[in-house]
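Novice: The lines below spell out each chain.
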Amino acid sequence: MPLGDLWMAYRMRWKRRRFLFRIWRKRRQIAPLQDRTAAIRPDTILCFATVRNEMARLPHFLQHYRKLGVGHFLIVDNHSDDGTAAYLAAQSDVSLWSTQHSYRLARFGMDWLGWLQWQYGHRHWCLTVDADELLTFPHADSRDLGDLTRHLDARGITSFGAIMLEMYPKGPIADVLHDPAADLLETLAWFDADNYREKTHPIYQNLWIQGGVRDRVFFAARPERAPTLSKVPLVRWHWRHVYVSSTHQMLPRRLNHVFDRVQDRRVTGVLLHTKFLPDIMPKSQEELTRRQHFENSDLYTTYHQHLAQGPDLWCPQSRHYDGWEQLTALGLMSKGDWD
Amino acid sequence: MLVHTAFDRAEQMIRHWSDAGCPVVVHVDRNVGQATYDAFVAAVADLATVSFSPRFRGEWGMWGLIAASQAASRQLLAQFPDIRHVYLASGACLPLRPVAELQAYLDARPDTDFIESVTTGDVQWTIGGLDSERFTLRFPFSWKRQRRLFDVFVLLQQTLRLRRRLPKGIVPHLGSQWWCLTRRTLTAILDDPRRVEFDRYFRQVWIPDECYYQTLVRLHARHIESRSLTLAKFDFQGKPHIFYDDHAELLARSACFVARKVWPRADGLYARFPRPPVEDQAQPEPHTGTIDRIFAQAVDRRTNGRRGLYMQSRFPFMDRENGFTAMPYSVLQGFDDIIPDLADWLTAQTRVIAHGHLFAPDRVYFAGGGTTYQGGLSDNARLRDYNAKMFLTNLIWNARDQHQCFQFGPSDNQPIKWMLTKDTQASVWVVTGAWAVSLFRSGRSASDVRSEAARLQQVENRFLNALRSPEARSRRHIMTLAEFLESPIDVLQGIMDDMVGHRAATLKKPPAMVDLDGFAQFLQDLKNQGMHPYLAGEFAAGDAMQTSRPRPRKPYVIAKK
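If you read the protein sequences in the order shown, they are chains A and B.
By this note's numbering, the letter at position 53 of the first sequence is numbered 58, and the numbering carries on one by one without gaps.
By this note's numbering, the letter at position 429 of the second sequence is numbered 863, and the numbering carries on one by one without gaps.
In short, the hints are calculated from the structure, not lab data.
Fair warning: this is a prediction, and the values are worked out from it, not measured in the lab.
There could be a bad hint or two in this list.
Unchecked claim - Calculated pairs, DSS-like style, for lysine-lysine (alpha carbon to alpha carbon, straight line, at most 30 Å):
hint, chain 1, residue 1, chain 2, residue 2
1, A, K72, B, K695
2, A, K204, B, K823
3, A, K72, A, K175
4, A, K31, A, K204
5, A, K204, B, K856
6, A, K280, A, K31
7, A, K204, A, K20
8, A, K175, A, K280
9, A, K72, A, K204
10, B, K673, B, K578
11, A, K72, B, K673
12, B, K695, B, K673
As the list claims (entries may be wrong) - Across the chosen pairs, the derived CB separations fall in these ranges:
hint, chain 1, residue 1, chain 2, residue 2, range
13, B, V586, A, R245, 29 to 39 Å
14, A, D87, B, A730, 48 to 58 Å
15, A, D86, B, G467, 31 to 41 Å
16, B, A686, A, K72, 23 to 33 Å
Even for Gly, the Cβ is constructed at its ideal location relative to N, Cα and C.
Just need the whole structure built from these sequences, with the hints factored in.
Specialist: See below:
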């Protein structure tokens, strides 16, 4: 191994330790509201999330992941005022913590979740997602996360990659009428099939994917600032692991190697991003003053101003979502060696 | 039946075989804890014809599995003197058809041994780079647990050129480890006077369960049917393929008797199979054609990937790729200066997708003139230039069902030029100096356009240098403007043939070209201004350029009689 690589590996090791220390330091920022972690069995698949005012999505979110085989949800509620906390506390498979601290200063919730992962995640398959992200993967209609993780275990693979696919409605967001009882993906049925660009992140070695509808509509003038779409949401956790920035990158860096450099052997998934419901407009408005979501929030002011008006994201080449087969055929995810 | 995990499914299968009247001897791996074992024995205690054999440690690739099946076979043959065929199964083997049909099938073939058994020369069963060396080296170390020792020991034997001698009369054969043998053959193997010698030899062969019975059966059997009655698939790394609920249709169509390895939680498969008996119907032969084909396709996709697709699951090092893009495409430089509605004309002639200037400085000119294109590609020039390579690979991938071509020129943004040069899928046609035609038609005088002409010529020359460099891999066709104007029909015919991949319809007349009256004089004026448009080729001054003049007849030779 060249000296430079060794030096970088050494630096990354210290960086990871600093993150662990930071997580430990912030451990008292979250207070348990409802602790049901005693119900976690050694093979339970855990789901970690930070939420804020997500009543429009949560019932669908929980239902989606229960069906996929998540056994226990560990959720941090960041000061919701729409009944999210009460709803979650009433669910039998949810353990709930709450905090009033800054989401941005807690590395967008990663410090809080890091502490929960450190305590409860060790040796479990841990899924870390936002309330507006619905994971799908090859054969998702007939196989579940238990099957998927057993397949990965059999191959000694400890992390599973996915890209965020932004789902949007046809017509202006402002005009959308969404019935909370209906399937989210029937309202947000459209996506951009392939305007993604990839490169390898020079430091963390993850595949850095940008593009999609936000790139097309909001970030054309500053493409280098467009949101990152690649994520590593599902990991066989070890207490030494940390997420660096959201779930885009991890340390140790080998966990970021979720893509295949030569062949097409790694099974990968897609996170359907259900952000563009009408509630994005008040949220964007709030974000303009609250400034909790991005580094360099100033850069995103125009983005939020534009979003607050409920724009139309649809274009004639938008594709209608019809299930995982379509996503594998388009190449957005791959069956890899899991036929 | 060999069992080491998923005991509830194993019990279900034992009951299944036993209910159909088959006595079962079960071998439970010694690594299984005593408590689990006792519970399992107790669970099937009500079945009179089920017994348990002495336990061995059955590690993959090691001798334990053979020892286990030997002991179990002997016990089975001794306890039940009237059985004729012995079927080796595992807890993850699921009968697809009623056991009665299997019994009938075997009754019709009382002397046949079903065991896949092929010589090593005929199969590619290479795992870890070893095929015939499986038989000539010693493998005392476990491949799974003691990998480093295993590798070092193999390397040591290879360097010292150590070879084992095969026992006399033995020809190594390989095959699936799931067999169905007749009592006669199995007894002969177990009671062979040379068995001690054979066992000593096979104990240190690698993966003996794929060769022990497969080899010895050749010494004793009367009639070998060299195929396994158990449908088992392996991926290219030698890992068994696992069947899930969504494989139900595939398995049903295969008409195989037994399949493995079945996912213990595949409730749908366990509920559906074995299928109920069908009355009054010819019993189908097992056939694995469809399933083999589907798996071969999947393996091909995995090993070769999908060319031109750049996504999270496949992100090859671009420069090592032989061709970056999914499909052949054409790049036309200079033609649209001479033929103004070239794109429409090409589409009408060949049905290809003809884009405008994809890399124009102001925006992307997609075919059809839209602001977005397939896959949601944006016409924003900044987005395009941010990663121009990816833009082009995405464009080609998105419309890969059709041939695409686009216009290029020295006034376009040039960073893409190296990709156009190196991509083996690109077919680049250049008419050099054609930019002068546009300048000529702008109506401006030679002195006004002089610096612009010099710039365009310089940019085009750099592109030509790239195309002529040793790194160039694309198909390149370069001609001067003068050469093109001599026989436009031949060139256009060549382009069309290239695009459609075979001989396209013969062109009778060229498309409408711009009027070049006075063009030669324009070039001369440029020269007089001190700017030499050498890329345009030789035009005699005063030569009236007639683009629609009749083609000169081709010279021909009359053969001597």
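Novice: All the hints need checking, so say for each whether the structure fits it.
Specialist: Consistency of the hints with the structure:
Proximity of K72/A to K695/B is assessed by CA-CA distance (about 25 Å); at most 30 Å being required, the pair is judged to hold. This hinted pair checks out: K204/A and K823/B have alpha carbons roughly 11 Å apart, not beyond 30 Å. Distance hint between K72/A and K175/A is fulfilled; the C-alpha atoms sit about 28 Å from each other, no more than 30 Å. Proposed proximity of K31/A and K204/A is contradicted: the alpha carbons are some 33 Å apart, above 30 Å.
Restraint check for K204/A and K856/B: the C-alpha separation of about 19 Å stays at or below 30 Å, so the hint holds. A hinted pair counts as satisfied when its Cα atoms are at most 30 Å apart, and K280/A with K31/A qualifies at roughly 28 Å. For the hint pairing K204/A with K20/A, the CA-to-CA distance comes to about 23 Å; that is within 30 Å, so the pair holds. Between K175/A and K280/A the CA atoms are separated by roughly 14 Å; this keeps the pair inside 30 Å, and the hint holds.
For the suggested pair K72/A and K204/A, the alpha carbons sit about 34 Å apart, so the restraint of at most 30 Å is broken. The hinted pair formed by K673/B and K578/B meets the criterion: a straight-line CA distance of about 12 Å does not exceed 30 Å. Distance check on the hinted pair: K72/A and K673/B sit about 28 Å apart at the alpha-carbon level, within 30 Å; holds. Proposed proximity of K695/B and K673/B is supported: the alpha carbons are some 10 Å apart, at most 30 Å.
A beta carbon spacing of about 30 Å between V586/B and R245/A agrees with the range 29 to 39 Å that was offered as a hint. Between D87/A and A730/B, the C-beta spacing of about 54 Å keeps the proposed range 48 to 58 Å intact. Range check, D86/A to G467/B: about 53 Å between beta-carbon atoms, so the 31 to 41 Å window is missed. Evaluation of the 23 to 33 Å hint for A686/B and K72/A yields a pass: the beta carbon distance comes to about 26 Å.
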